[in-house]
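Heads up: the sequence lines are chains A, B and C, in that order.
Counting from 285, one number per residue, gives the positions in the first sequence under the numbering used here.
Counting from 285, one number per residue, gives the positions in the second sequence under the numbering used here.
Counting from 285, one number per residue, gives the positions in the third sequence under the numbering used here.
These are computed hints drawn from the structure, not numbers from a lab.
Don't take every hint at face value.
To be verified - In silico lysine to aspartate or glutamate, EDC-like type, Cα no more than 20 Å apart, as pairs:
{"id": "1", "chain 1": "B", "residue 1": "Lys310", "chain 2": "C", "residue 2": "Glu319"}
{"id": "2", "chain 1": "C", "residue 1": "Lys543", "chain 2": "C", "residue 2": "Asp559"}
{"id": "3", "chain 1": "A", "residue 1": "Lys286", "chain 2": "A", "residue 2": "Glu297"}
{"id": "4", "chain 1": "A", "residue 1": "Lys310", "chain 2": "B", "residue 2": "Glu319"}
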Amino acid sequence: MKEFHDLADFTAEEIQQLLDLAARLKRQPEPRALEGKVMALLFMSPSLRTLASFQAAMHRLGGGAFVISPDMSIHGLETRPGIVMDGMAAEHIREAVPVIASYADVMGIRAFAERRSLEHDLADREYQAMRGLVQLPLINMESAIQHPCQSLADWQTLDELGIPRQGGRFVLSWASHPNALPLAVPATTVKMAAMRGMDVTVLRPDGFELPEAIMQQARQLAAASGGSVTETDERAEAMRDAHVIYAKSWSSTRHYGDKLADAELRRQHEDWCVDEDWFATARPDCRFMHCLPVRRGVVVADRILDGPRSVVIQEAQNRMYAQMAVLHAMLAGGSKP
Amino acid sequence: MKEFHDLADFTAEEIQQLLDLAARLKRQPEPRALEGKVMALLFMSPSLRTLASFQAAMHRLGGGAFVISPDMSIHGLETRPGIVMDGMAAEHIREAVPVIASYADVMGIRAFAERRSLEHDLADREYQAMRGLVQLPLINMESAIQHPCQSLADWQTLDELGIPRQGGRFVLSWASHPNALPLAVPATTVKMAAMRGMDVTVLRPDGFELPEAIMQQARQLAAASGGSVTETDERAEAMRDAHVIYAKSWSSTRHYGDKLADAELRRQHEDWCVDEDWFATARPDCRFMHCLPVRRGVVVADRILDGPRSVVIQEAQNRMYAQMAVLHAMLAGGSKP
Amino acid sequence: MKEFHDLADFTAEEIQQLLDLAARLKRQPEPRALEGKVMALLFMSPSLRTLASFQAAMHRLGGGAFVISPDMSIHGLETRPGIVMDGMAAEHIREAVPVIASYADVMGIRAFAERRSLEHDLADREYQAMRGLVQLPLINMESAIQHPCQSLADWQTLDELGIPRQGGRFVLSWASHPNALPLAVPATTVKMAAMRGMDVTVLRPDGFELPEAIMQQARQLAAASGGSVTETDERAEAMRDAHVIYAKSWSSTRHYGDKLADAELRRQHEDWCVDEDWFATARPDCRFMHCLPVRRGVVVADRILDGPRSVVIQEAQNRMYAQMAVLHAMLAGGSKP
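Chain A with its partners taken away, still in its complex shape:
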């Protein structure tokens, strides 16, 4: 396994092998599996869960990790090709990325969306520019449009909760938020649930439709797995018999890159804060998922986060086990996708 970038690059059987490996490593530690091995963690954007869980994952397997973030160095990192570097940035990614990789056995890169042009972000330009500079096994730690580690952990969480694949009803819901957030999590989540064979409903206000390219890919994945994907703004209908609601805010795709128009539109939907009344038509044991960080009282009410529906801590913890499986598969031959 040379790269972990897009869940859709793998067959359902390969995902299953990774999940089995994650479950095994959770039960049965292998504290010397990656002895002498090093992971390079390059963060172009800030992080808490990813920063912590990858370091912990490497330590638990007997390896080590180092972290590079642009503010730790002299240099902002320049990303534009062909530029005369007479400004602030003292180093270009064309040197920095291969150098960082040269110290490691596996590399993780985080590079958020620019959120100026939807086309640019769907093409994942920043990440792809860096990806092309790395020969090592490479893990996408969240890019403009991908967050495969989150989705692998979420799949593992759904399995642990016994939520059915075929016939499982999964609602991905937009939620209120003060800022225009990236599309990586919703785009990856809708594909994950579709690949898992679930009946997926994307619930969002008008103007916050997911990009058609993403929806189309999700529908193809659902067709292959026996699932389905639909999109609506009708909450009660979307939530009917749902096993799980996955809440997440994202930018308006209608006004992508236009901060003012986005802000005006999202202000009209401040009532999209998940609360107990959302669950009226859902299954009684319907679960609440979120990738974190989450704004309490804005995205979701305290009583949901603090109540029995919430599995957000379990999701976050599974980040570590899912990533241990990916690292093991890459470096210790632990599974063979």
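Go by the hints and put chains B and C onto chain A.
The following block gives chains B and C in isolation, referenced to the frame of chain A:
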């Protein structure tokens, strides 16, 4: 051993077991004792000794550590309960703390005093709020009113120096400083010396009395150990036959939380800079202790720090060994307090 | 081996032993050689390669590392002796450095040039002040006038490329840059190439001569090794039959510490950007070296960095292997210089 929070939670015998373990690990390394184990270090306030010594302690025992500080993440961390998070903070401690803990086998938390209300800080509100969110073995890395790792290391240092328990004379002295500092170190130090059975004198100017709740607890500990605790502003008297002076600045308790009144009062005591003349009535070999960082020429004269009385580096180094003992007791069953 | 500070402290035979060890560790990992050992990394100035490569080096040898940089702590670190610390800095290097060292088996220190007085920087005052406080094995991670880890890695790279020692022609060339940079790399590089027995030409515009003390030391080293050192501003002449050009910008030594005069002088030499036409008189396979970070389009043209002449990534990667050899020699007895 599930928690290391307050030295007074332990019997003198349990402390002795930890100190024996620290001494053993100093002599006889155990580089695989914590193989595959991970420590999470959460700093809500900055650090040098604690940051370095805990990472070194985990490495020496074969484990690993990761560090989270709020400025490393997108998010300031919100601590207030029940708040609508529509401001700057993107994450609440109610998620962040359990998530960070979920990646680790043991967790350390540092959260300084707010220094607005003495009652609030004596109740250690910030730390207690986070403490309640952690199921793991937990180490207090300095809170508003506790610094048990410092005191365990100081106890070890006193033992190494051969300073007697019964009959040992310990002076905890206030010292000059440009800023109003927290009470954690003096509060923990007076209790430590009392538990150790020493005759403790708190030397401080009028207006800088230690809180009565702390003094009362210290007197109870002294009663149990055969020591004593008194408080005075008479320097020569306090220092008479002293084995050791432990200098530290702290906030005025009379004007706690009132920066201007505190500053005015402390300006009157800029002569409280420990120098050789302080030792006139002390034992000739009286030692100088300080938890560091220390302001030279303000808290203490260079000639004292650079001279034979000073044991500040030994104290700092013992932080690592004392913490190795605590980690070993928690995770490797190395002693059974 | 107690210290790695100046390549000239070692004989050519001792350097050879370190390079042999580096090559062996590159071929044949020793993931338990430094089990339970800890490196302290103290950065008074920012870093990317050094930060990453030392952490990776320690992990690969089974040890661990921790990083301290002044902005991570409460305290700026005070360096001036005898000062009354009533300002911003809360800690003096006289405590901080021995304390950090007390947690480690080996320490690395980075402290850049002040760039106010040439005499001050040639005497390496900041670094020497800290060096005197450390009893541990100590590695210079770049000071005002030394960068031995870079030069050891560069020597290894020259060997790997098969560039001859005797008769090898090495050009160290000044290059354009928006800022007045330190002298550490050119000063160390000219000595390294001289020690290696090469014919070294320092190519620089008028006003950017290397300090006479450095040139004199380089000439002595060349005399001992059978090499030579000359200085010129004639590009075509300098580059004649060159095996390698090592580009680097540095401050004007004529106007050292005078930012405006330096800026005015360097503005006249913005054409000192290494490009293909520089190689007209060189050997056809003449290589391009640089220590990184490098400003594209300012120091060197993209086509050189991206073309077959460039070995900058190999140099950077060899930092890790060279440093592994130094660490191994210091802590595992891996070679005996």
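Non-conforming hints, listed in increasing numerical order: Violated hint (a single one): 2; every other hint is consistent with the structure.
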